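K.L.:
Protein chains in written order, with my numbering: chain U, 1 to 80; chain E, 1001 to 1680.
Hints in this document: simulated from the structure, not taken from any laboratory. Just so you know, these numbers come straight off a predicted model, no measurement behind them. Certain hints may be false.
[Claimed, not checked] Okay, derived cross-link-like pairs now, SDA-like style, lysine to any residue, Cα gap no bigger than 25 Å in a straight line:
| no. | chain 1 | residue 1 | chain 2 | residue 2 |
| --- | --- | --- | --- | --- |
| 1 | E | Lys1435 | U | Ala46 |
| 2 | E | Lys1292 | U | Glu36 |
| 3 | E | Lys1493 | U | Gln45 |
| 4 | E | Lys1292 | U | Gly42 |
| 5 | E | Lys1292 | U | Gly12 |
| 6 | E | Lys1493 | U | Arg10 |
| 7 | E | Lys1141 | U | Gln45 |
| 8 | E | Lys1292 | U | Thr27 |
| 9 | E | Lys1493 | U | Glu36 |
| 10 | E | Lys1435 | U | Gly42 |
| 11 | E | Lys1493 | E | Met1481 |
| 12 | E | Lys1493 | U | Gly12 |
| 13 | E | Lys1435 | U | Gln45 |
| 14 | E | Lys1292 | U | Val6 |
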Amino acid sequence: MLEQLVNEIRAGGTLETGALADRLGTTPQLVEAMLEHLQRSGLIQAYVSCSDGCLGCSLQAAWKKPDSGAIRLWQSKSED
Amino acid sequence: MSDCHSASVPLQPVTLRVRERRPLLALAGQPNVGKSTLFNFLTGLNQHVGNWPGKTVERREGSFSINGHEYGIVDLPGTYSLTANSPEEVITREFILREGPDLVIAIVNAANLERSLYLVAELISLATPLAIILNMMDVAKQEGISIEPEVLEAALGVPVIPMTATRANGMQAFYQTVQEILDGRHVSTPRLPEIRADHRATLDEILSHIQGYVPSPYPESWVALKLLEGDTEITRTLQNNLPAEKWEAVYNLLRQHDDALLAIASGRYEWIGRMVRAAVVHPKIGQISLTKQLDRWAVHPLWGLVILAGILGLVFWLTFTIGSPVQGWLDAQIVGGLTGIANQLLASAPFWVRSLIVDGVLGGVGAVVTFLPIMIIFFAVFGLLEDMGYMARAAFVMDNFMHMMGLHGKSFLPLFLGFGCNVPSILGTRVIDSKPARFLTILIAPLVPCTARMAVVAFLAPAFFGSNALFVSWGLILLSMIALVLSGTLLNKIIFKGQRSAFIMEMPLYHVPNSRTIGLLIWQRSLSFLKKAGTNILAMALVIWALSMLPNGDLNQSYLVQFGKWVEPVGRWMGLDWRLTVALITSFPAKENAVATLGVLFGSSPDAALTQTLTSTFSTASALSFLVVTMLFIPCMATVAVIRQETNSWGWTLLNIALFLVISIAAGAGVYHLALAIGL
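Generate coordinates for the entire structure from the input sequences, incorporating the hints supplied.
P.N.:
What follows is the structure, given as structure tokens:
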């Protein structure tokens, strides 16, 4: 399951946890747990919050409330 | 020792090495699952805190007595796994393997079992007896998560105790279960995670090589598994302990199976999936299913874009049908009325005083303040979309589209943030590791239209284009996006060289927006806008007014006109006279200044609103060109300051300004001549 997730990430593009869960035949919560695992393993990284300068940013509320059902983002680590 | 790579291996009833002294319990779990709460509750004052030998990690141990039985207890550091990724993980596994507690109690978060069970998947494979505390049952209940502890216990094959440690709920069952396990009255038959068949064969092969060479007290099968997982400490230990030929054989196997790390973790996650499927029912089925149904359209590669375009169109439609008339009324009645009153009151005052109040303050700031209804509509609609969970979908759809266009994902998300303001998008580029890629992304970030620029367009488009304003506004945003895609694609080809990267987003559920949240957001942003109008924009309006008055009070001989005439030749390429050109230049401190400057230059009149004056003064081609240049003009001063701060280079900052000057002048000139050619 984790291998499938890594393959999806390696293929690139924009991915969403709900759609990934459907493709992997599991729940979004488990996909999120696996993403956190990959983050700890250094394969992906969490998107850095820009809360120090995001007045006017339409997503700022989301960054500030990571545990309240708001948006969280990860990105694959670049090879550049 | 249990076989860690086979599923559902029934073990013999756990044989306990009950110590002569009091039994020792170990509390294990991820950070923030309530370990310390339980530890403090159990031990009270009978605890002491020190450090683990040779580490700076805190060691907490203590004791407690129940029904005449005394227990020792150690609160292990919070860990996610038993692989040597961190000092905490090394401490936890070394303690369990070397100290051999009589019982390991794994605390998991009932509200997020998927996240908590990975450590259990490792602990369950060890020989040490294990019990699970399903903590935070109250939180799980609040979140509508239904868990059946007895089903989870059957699925795991080890005791499961539901608990809310903060309220001391479940303590009786905890004491009873601990005593039963220690008395040997509880039979555990742990169900273990599996790994893929090919790796299982490798695991057996590694095991055959290391047998007899594993230092005590490490179990050989556990060591073989950790070798396959690439555990650095275990690898180093075995390299030192194995004869050279054995190590070479093991090393070659590990090299051939370097994907085993993922395969083993994958097996554990499949195991977690099975456990959760068996025992947990997730909540809000209706809400999730509604979100899924809506997302079928909202995040669809094509329909998602259509919906996003429709929403942007709706924002402008609302602006033009509600905001613009209110703005026009404010301009005519309030600013016009105040102008009339000021003219009367200041009839006997010196000319420059009257001009300062009427042309400088009311003409400049008054024009910008009448924006407020337009801004409120922007704030309200974007706030509503944000609060109901749509903005994440908009980001997803646009990111997907940009990927299809070839734009590197790492660039796009910072760019998307620029829809509110370009400042966060510049700061957001910090996630791009490569310096050239980051600088080039910073270079194109201001191509994303910000709220201030959209508001200027929303103010001027109806004045110039009447009922066609909606299509013109749409077209202007499309033009910015085309410029962005072209620059981004070029950037991808040159700098990122077509590398693929992924963005993974966790979408919030759609929910009914909270009117208080949106009201607060509108209030805060409106206040911030008015503050800006009363400070930066007022200052700029006064500078423009002063330049239009100096040196002798005659506009035609003023410094402003002299400056305007000096830059007018460039403006002429784009069909702009000196006034529009000056308005553009003054938009550098803040985009709204373009309107303030037009207000000062065209004067505030009780008879005609600014928009009416503008309509009768400029041709359609010039107006269109002005709007295009406004959308693509050099970024505002705040954005330029952040570009300087983030690039730490005046060279890049000036290059950014130069690039936008070239792009905006070229686009303005192109649009102007095209408009003339088609007879506009």
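K.L.:
State for each hint whether it applies.
P.N.:
Hint check:
At roughly 19 Å between alpha-carbon atoms, Lys1435/E and Ala46/U fall within 25 Å of each other, so this suggested pair holds. For the hint linking Lys1292/E to Glu36/U, the alpha-carbon distance of about 23 Å falls within 25 Å, and the restraint holds. Restraint check: the Cα-Cα separation between Lys1493/E and Gln45/U comes to about 24 Å, which is no more than 25 Å; the hinted pair holds. With a C-alpha separation of about 31 Å, the suggested pair Lys1292/E and Gly42/U falls outside the 25 Å cut-off, and the hint is violated.
Distance check on the hinted pair: Lys1292/E and Gly12/U sit about 23 Å apart at the alpha-carbon level, within 25 Å; holds. About 19 Å separates the Cα atoms of Lys1493/E and Arg10/U, which keeps this hinted pair within 25 Å; it holds. With a C-alpha separation of about 31 Å, the suggested pairing of Lys1141/E with Gln45/U is violated against the 25 Å cut-off. Pair hint Lys1292/E plus Thr27/U holds up; C-alpha atoms about 13 Å apart against a cutoff of 25 Å.
For the hint linking Lys1493/E to Glu36/U, the alpha-carbon distance of about 31 Å lies beyond 25 Å, and the restraint is violated. Between Lys1435/E and Gly42/U the CA atoms are separated by roughly 20 Å; this keeps the pair inside 25 Å, and the hint holds. Using a Cα cut-off of 25 Å, the hinted pair Lys1493/E and Met1481/E holds, with the two alpha carbons roughly 18 Å apart. At most 25 Å may separate the alpha-carbon atoms for a hinted pair to count; Lys1493/E and Gly12/U meet this at roughly 16 Å.
Under the criterion of a C-alpha separation no larger than 25 Å, the hint pairing Lys1435/E with Gln45/U is consistent with the structure, at around 18 Å. For the proposed pair Lys1292/E and Val6/U, the alpha carbon gap of about 24 Å is at most 25 Å, so the pair holds.
Violation of the numbered hints given earlier is confined to hints 4, 7, 9; the remaining hints are satisfied by the structure.
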